[in-house]
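J.: Residue-level listing of the chains:
There are 2 protein chains.
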Amino acid sequence: MQKGTRTLAYSQPVYFNGEGSVVGQKEGEGPLGKLFDVVKDDPMAGKDTWEEAESELQVEAVQTALKKAGLNKKDIRFLFAGDLQAQSVASSFGLSQLEIPHFGVFGACSTMGETLILGSMTIAGGFADYTMAVTSSHFASAEKEFRFPLEYGNQRPLSASWTVTGSGACVLGRRKGTLGVTACTPGKIVDYGLKDSFNMGACMAPAAVDTLLAHFEDMGCGPKYYDRIFTGDLGVVGSQILEEKLAEKGYDIERIHQDCGVMMYDIDKQDVHAGGSGCGCAATVLCAYILPEMRAGTWERVLFVPTGALLSKVSFAEGRTIPAIAHAVRIERVKEK
Amino acid sequence: MQKGTRTLAYSQPVYFNGEGSVVGQKEGEGPLGKLFDVVKDDPMAGKDTWEEAESELQVEAVQTALKKAGLNKKDIRFLFAGDLQAQSVASSFGLSQLEIPHFGVFGACSTMGETLILGSMTIAGGFADYTMAVTSSHFASAEKEFRFPLEYGNQRPLSASWTVTGSGACVLGRRKGTLGVTACTPGKIVDYGLKDSFNMGACMAPAAVDTLLAHFEDMGCGPKYYDRIFTGDLGVVGSQILEEKLAEKGYDIERIHQDCGVMMYDIDKQDVHAGGSGCGCAATVLCAYILPEMRAGTWERVLFVPTGALLSKVSFAEGRTIPAIAHAVRIERVKEK
Chain A
23 MQKGTRTLAY SQPVYFNGEG SVVGQKEGEG PLGKLFDVVK DDPMAGKDTW EEAESELQVE
83 AVQTALKKAG LNKKDIRFLF AGDLQAQSVA SSFGLSQLEI PHFGVFGACS TMGETLILGS
143 MTIAGGFADY TMAVTSSHFA SAEKEFRFPL EYGNQRPLSA SWTVTGSGAC VLGRRKGTLG
203 VTACTPGKIV DYGLKDSFNM GACMAPAAVD TLLAHFEDMG CGPKYYDRIF TGDLGVVGSQ
263 ILEEKLAEKG YDIERIHQDC GVMMYDIDKQ DVHAGGSGCG CAATVLCAYI LPEMRAGTWE
323 RVLFVPTGAL LSKVSFAEGR TIPAIAHAVR IERVKEK
Chain B
23 MQKGTRTLAY SQPVYFNGEG SVVGQKEGEG PLGKLFDVVK DDPMAGKDTW EEAESELQVE
83 AVQTALKKAG LNKKDIRFLF AGDLQAQSVA SSFGLSQLEI PHFGVFGACS TMGETLILGS
143 MTIAGGFADY TMAVTSSHFA SAEKEFRFPL EYGNQRPLSA SWTVTGSGAC VLGRRKGTLG
203 VTACTPGKIV DYGLKDSFNM GACMAPAAVD TLLAHFEDMG CGPKYYDRIF TGDLGVVGSQ
263 ILEEKLAEKG YDIERIHQDC GVMMYDIDKQ DVHAGGSGCG CAATVLCAYI LPEMRAGTWE
323 RVLFVPTGAL LSKVSFAEGR TIPAIAHAVR IERVKEK
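Those protein sequences? They're chains A and B, same order as listed. At position 203 of the first sequence the residue is numbered 225 (this note's numbering), and the sequence of numbers has no breaks. At position 83 of the second sequence the residue is numbered 105 (this note's numbering), and the sequence of numbers has no breaks.
The following block holds chain A by itself, in its conformation from the complex (with noise of 0.2 Å):
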């Protein structure tokens, strides 16, 4: 432990031994979408509802981690899963039947960070061999929840993101892997007084700036340790403010910082404007593309920083500001020694 800090470094990597994606139509025609695991041709995955078609995304995510990693379902003993729904609805009904002890979270977009976190301190911690790191979004329950219903037809302005439909899950362990996590920074919520939730990428880079400047200093690293720092969804706008106003403070990030909401969609050509978002966002493209391409050797060392926005309809409808949090998981390749 680290006295004063916020950031866990831990003593032994805790290890990715299996993860799965799973993602919708769209996701499947944009640039990554061979790499996933499953596309949904069908937008309600075979359901009845928005939020079920959400819940099956989960399960898939999760039976393809578990086959990946070679395991069983009794073989986890956490599970930490969020979404965006109210009351995490889409995590609590699908993952039910899996029977595997769980802890629900909430972080908006930033989840499959927390979960990582979380996941990855109960192994380290001594507490389990494995736990789950899972959550999800979906376009249509999203719009529902938070927007408009889609047969309004409604427009939306150029700095708006698309809710990525899609699942990432991740096995966590202590079984020995290419690679592991090895350092977690938890976010502060950072409430700047924006209130537009049009423009989420604005509201949520102060967020990432605050966690990105704790890690820094925390590790004693600056982002040239890094050959990859990954946003969740910031979109256009949102990475702009970022590589901004962290060269302000010394930084420079622009040459190794990507974002999964814009890497997720063709922006010119799928008219997703300012990119995809949506927990969904992040946790695929980090099982879909991250994940393997670190295995691949691509890349040696990466910070994974999902960002959330943590507002309501309600919150949004009484005029309020919409805070916002990051969470940074750093990932490398582990060297035998």
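Think of the hints as simulated: they come from the structure by calculation, not from any bench. A couple of the hints might just be wrong.
Straight-line alpha carbon distances no greater than 16 Å define the calculated EDC-like cross-link-like pairs of lysine to aspartate or glutamate that follow [said to hold, decoys possible]: (1) A/96 <-> A/64; (2) A/335 <-> A/239; (3) A/271 <-> A/239; (4) B/96 <-> B/151; (5) B/335 <-> B/218; (6) A/69 <-> B/151; (7) B/166 <-> A/340; (8) B/69 <-> A/276; (9) A/246 <-> A/276; (10) A/166 <-> B/340.
According to the in silico footprint, chain B covers these stretches of chain A (three or more CB under 8 Å from chain B) [to be verified]: (11) 100-113; (12) 117-130; (13) 287-296; (14) 326-334; (15) 341-355.
Yeah, the Cβ is synthetic: ideal placement off N, Cα and C, and Gly gets one too.
For chain A, the structure is supplied; the task is to place chain B on it using the hints.
T.: Coordinates of chain B only, in the frame set by chain A:
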């Protein structure tokens, strides 16, 4: 770590270093009224909306807990918080001013159990000297979120519970004290197919049964180990189901079982039907009554088992079931060695 079980038994206790409870007027007029740290006569707590009022309860509970612990907010390495509102806005808004690294959780009315487990695990694993566990509910914000606006003056059946206006917060720490968390049994999501949101006790009782059976089996103990078992907010109806179901399995808890929801109000005189409910119910009874009585020597060993109904108004409107979860926390007076 106990292989193959879901119960965590800590090698060293994680201590309760200070706690705070804040409630509304109705709770202040109940049988435990004089025990709470703060009774707010103004249901708006000086704010403009019910949601902001609920946030204010959390802030005051945290500040009271810090004060009793003799600590500053900077001493708390991580805060675990959640509430019943969609997207946990009561927690996200009020607590941001504390600038403590934040883990949002969602466990409905089981939230105090979840935050105590995660908060104590973090300390037992060596990741913090102090953590904070906090949750809240508010009658008016919960009615707005889940049922009907207060202005409708709707009627409630006798099996319905009354959401407690209140917040409880605990500082957990390494610093030795009289009381400690010595073991925890995280819950699984249990879904018996019940759908009546005006009878949450019946929906949640099976989850309490499941967690208690797992706890007794994992720890090799029966209810006789405990001086008291406190469930969160099963109310009159759910408590009876729990006691009957456990009796069928050979565990007689009737003599030592109490339910925080039943204890919170004078059920006959205060028009609360089945009793109190909400995240704030178990949390405030723990902080104002259970922990102080244990310190005074009334009980040596208590099992604290808050239960949560994992529904949303969307899942309810879609005619879905009400899955539930219960988390168990073993609290003991720590003997000097």
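J.: Each hint: holds or not?
T.: Quick rundown of the hints versus the structure:
{"no.": "1", "hint": "A/96 <-> A/64", "in the structure": "violated (30 Å)"}
{"no.": "2", "hint": "A/335 <-> A/239", "in the structure": "violated (36 Å)"}
{"no.": "3", "hint": "A/271 <-> A/239", "in the structure": "holds (12 Å)"}
{"no.": "4", "hint": "B/96 <-> B/151", "in the structure": "holds (11 Å)"}
{"no.": "5", "hint": "B/335 <-> B/218", "in the structure": "holds (12 Å)"}
{"no.": "6", "hint": "A/69 <-> B/151", "in the structure": "violated (46 Å)"}
{"no.": "7", "hint": "B/166 <-> A/340", "in the structure": "holds (13 Å)"}
{"no.": "8", "hint": "B/69 <-> A/276", "in the structure": "violated (43 Å)"}
{"no.": "9", "hint": "A/246 <-> A/276", "in the structure": "holds (11 Å)"}
{"no.": "10", "hint": "A/166 <-> B/340", "in the structure": "holds (13 Å)"}
{"no.": "11", "hint": "100-113", "in the structure": "holds (count 8)"}
{"no.": "12", "hint": "117-130", "in the structure": "holds (count 12)"}
{"no.": "13", "hint": "287-296", "in the structure": "violated (count 0)"}
{"no.": "14", "hint": "326-334", "in the structure": "holds (count 3)"}
{"no.": "15", "hint": "341-355", "in the structure": "holds (count 3)"}
When held up to the earlier numbered hints, the structure conflicts with 1, 2, 6, 8 and 13 and fits the remainder.
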